[in-house]
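Top line first, the protein sequences correspond to chains A and B. In terms of this note's numbering, the first sequence is residues 1 to 384. In terms of this note's numbering, the second sequence is residues 1 to 605.
You may find that some hints are simply not true.
Unchecked claim - Below, simulated DMTMM-like cross-link-like pairs (lysine to aspartate or glutamate); rule was C-alpha separation at most 25 Å, straight line:
{"id": "1", "chain 1": "A", "residue 1": "Lys350", "chain 2": "A", "residue 2": "Glu293"}
{"id": "2", "chain 1": "A", "residue 1": "Lys43", "chain 2": "B", "residue 2": "Asp272"}
{"id": "3", "chain 1": "A", "residue 1": "Lys43", "chain 2": "B", "residue 2": "Asp23"}
In short, the hints are calculated from the structure, not lab data.
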Amino acid sequence: MFSSLRRRAAVMLLGLALPVALAACSAPGGDQGDSNKTDGPIKIALVDAQSGQLSSLGAWELKGARLAIDEWNAAGGINGRQIELGVFDDQGDPTVGTNLARKIASEGYIAMIGTAESAVTIAMAPILRESKIPNITSGQSPGLVAVKSPFLFLNGPTSVTYDETLAKYIVDTKGLKNIAMITNNGGYGKGEHDAFTKSLQARGVKPIEDQVVTADQKDFSAALTTIRQKNPQVIFIGAEEVQSGLIVKQARDLGITVPFAGAAPQGTPVFADTAGTANVEGTIVSSPYLSNEVSEASKKFAAAYKAKFNEDAEMHGAKAYDGTQILLNALKTSNVATGQALADAIRATKYAGLLGDFAFDDTGVGIFATRIGTIQGGKLVAAG
Amino acid sequence: MKLRVAGIGVLAVLAWLLPYQLDSYLIHVANVVILFAILAIGLGLVMGIAGQINLAQIALFGVASYATAILTTRAGFGFWTAAALAMLIVAAIGLLIGTPALRMQSHYLGIVTLGLALALTNWVTNAHIAGGAEGITGIPAPTLPGIDLRNDYFFYYLELIVFALALAFGLFVVRTPLGRKMRAMRDDSLAAGAVGVEVPQLRMTAFFLASIYGGVAGVLYAGLIRYVAPETFSIANMFLLLAMVIIGGRQSLVGCVVGAVALSLLREVLVDYPTYAQVAYGTIVVLTVVFAPTGLAGLPVRARGLLQRLGWLRRDTGAPPKLGDFRPYDEVERPAEQVILRIDDVSMHFRGLKALQEVTMEITSGEIRGVVGPNGSGKTTLFNVVSGLYRPTSGRVWLGERDLTAARPHTLARAGVARTFQNLRLFPLLTVRENLLVALDQTSVLGSWRYALWQPGVWRHDRALRRQADELLDRFGLTAFADAAPGELPYGTQRRVEIARAMARHPRLLLLDEPAAGLNGEEVRQLSEIVRSIRSTGVTVVLIEHNMGLVMSLCERVTVFASGRVIADGTPAEVARAPQVVEAYLGDSAMSEDVPVATATEATR
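Could you build all of it, start to finish, from the sequences and the hints given here?
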């Protein structure tokens, strides 16, 4: 009696479930997030590391983007619609990035700012391309160009530009040929290593020492001692801010007095603070944004940044600010288009930004020059 | 039973309908959850079922994903060809990671496997072919005729089917001879060896199985994400996986799945608070280990126990089951007398301690031999040498015409030596019936290929074993206890279970180590009846015993040990009169019945 009742209940449950199954038999998931709404806020996603080792980068990016969006919102938004910034944390992990790419697609975001980590952006690119979501990244790896996604744009030059300018200055202008390298094996360090080696090769110069450390290494005495024995005239660093600072500090402790050279990270306050102001004197930096004082626009940006966040602006914030401005301009000119139309609008945008004049080519790169600066008296100043 | 079938049916229907309720992000989350569930089943098999600590499971997962990625993007293979090759690679690496298990166990094994996993992650981060820190993009999506697997929704159904098969296969393994042997090995690898389980091969099989599950999950991962990077296979994820298995309940595969689903969903909730996520996982693991050591899967049993203690739930108040009578074996003609066991000048030294010194004795087929002597005189050491647990310092052991001096316990068990242990070594987490089933299975681990190719054969073999077990339970009067855990039984009953388990091997030589210790008078009488009946089937019996009444009445010959040497050998009457024997027992009223029953210390173990 009891068991037959149970069986009947099970059959009834199955009977209830069946019509549901048949009704929706074609394919599940028809209700994709509809991004073609014409009212309500414009949803833009910012994906960056808000936790973990790369979180300082993510924090700068967020501030730059936030500043740009707040300015537009204060001026009435676009077509009377406010702009909403959704912040997502990728933890610097590419796989988390692929999850987030799907998440922003399903939640109806029409464009994405970030990430600052090339590996994460490369991982996300295929999914964003499939979902037709334009993405303006702060990464600079040549690998970003190799992805060949029409939806991927860079808010700065690639490592190739940074290191070509740097090599040109060191070898051609200064005539230094005895160059040692120390890079890490992370995504950024590997990109720097390959780009700089290639630029040297084009000039017929071979580095006299090429040391590769791991991305989470803290003690570089072995690598630096080897470099010291070779007596280089200049040492190239391809590593993120904090690690670069540690390398310089330990090199000075070992009695290495020659200057260091590198790309954007070596121009940041974090680098100088980690290494010690006296130790970074003379460092050669290749950067599209040498300081907050280079132009009227950068002074204005730095003042607004200081007023809003109570700290000094630096390059990553400026890059994110530029990228966000380009996106918002494209949204305005295209009447808040989405997908392919928005990507086309971004590509067509000419923008005079903090880093220079942007004009995008087919690869998604909009700026092809950096400037050389040296640290003198604790300040990064343009090299003569 | 019907309830269970209906429950599985409802779950299957719900799982089938789930995608209709999820948006495109949540379906992706569901896909990742299923992958972790498959991984957790693999880890549950090797850790929970076989008791081998494997901290390389996530590395195996990584090997399979990377192999698929490299073979598709660099070598240009199709997805499924690459997947098949990846499975071969991961199986080979699984066996490699398993080899340390042949030499070491427990936390040592954990550290070694962890080291191998770290080495692999490090290689991947640095190797050019693996793309370094940037990983590998552009893995082609798998294709099936008529289905676009780039769609996460269709991929869900592929994963669901693979998952159902993986779980069903895992449960099939656990409930059939292979899984039973693994559980026996986990509970007590010494005793498992003594009943013929080939422990080394079985450990490798466990690692092999785990690598297959890791491989399946890894291949599916490559097809789902179509991107691989070193972070995914980090140690943090290994510990997340470990937490899933511990929280779900190691010893239950369904528990592992529940743990994987629960923790994956928790991870999804905590994804915006990464600072606290690791702390939260840690807290949950600690709480589980303290308050629910058997995990979520063990909660129903523990809850019932608690309710019974509180008096909210009625206990089973039927009369406690009674030990049945032993049903004697049919007698067979006594075989021609020949030497079945020859111990030739055997010495066994433990550093300075000479546990056995130049011991020589011969045992004739069909006899019942008593081995007596004061505590610490080397009797149990002798048994351990004969059953292969110790390798003697010098001398040889012959079984019939075969020299089996350095043989492994399982080889000796297969050659016809069975034994019981002084301190009882039943498999505590197996039922009485399963204890016997482990011993009854005479097949080799190498025959496990049938699990992959011919499951009905395995099933039929299992049915046959169960029939034999029922017959054996009935003969030893244990039918009423068949489904009880050994630890719940009275001591005397456990002793009988151990003898039944030894007899399940159909041995030629049975070694009983103090079978009467802890038994009452009636139980001792039953024991001597059992031993006589066993002998009547042609089995030779050697027993160590302190109960002299039993020795005198049962044994035809008695060998007396003192300080690792044989000091007397002969009929009970001869031995009792020998002056050196009287002296050995220090003038005690030596060979009388009130020689103190041995306290259970095994000085020489």
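Worksheet item: Do the alpha carbons of A/Lys350 and A/Glu293 lie within 25 Å of each other, as the hint requires?
Response: holds, 23 Å
Worksheet item: Going straight from one Cα to the other, do A/Lys43 and B/Asp272 come out at no more than 25 Å?
Response: Between A/Lys43 and B/Asp272 the Cα gap is close to 18 Å, so the pair holds against 25 Å.
Worksheet item: Given the hint that A/Lys43 pairs with B/Asp23, does the C-alpha gap stay at or below 25 Å?
Response: holds, 18 Å
Taken one by one, the earlier hints all hold for this structure without exception.
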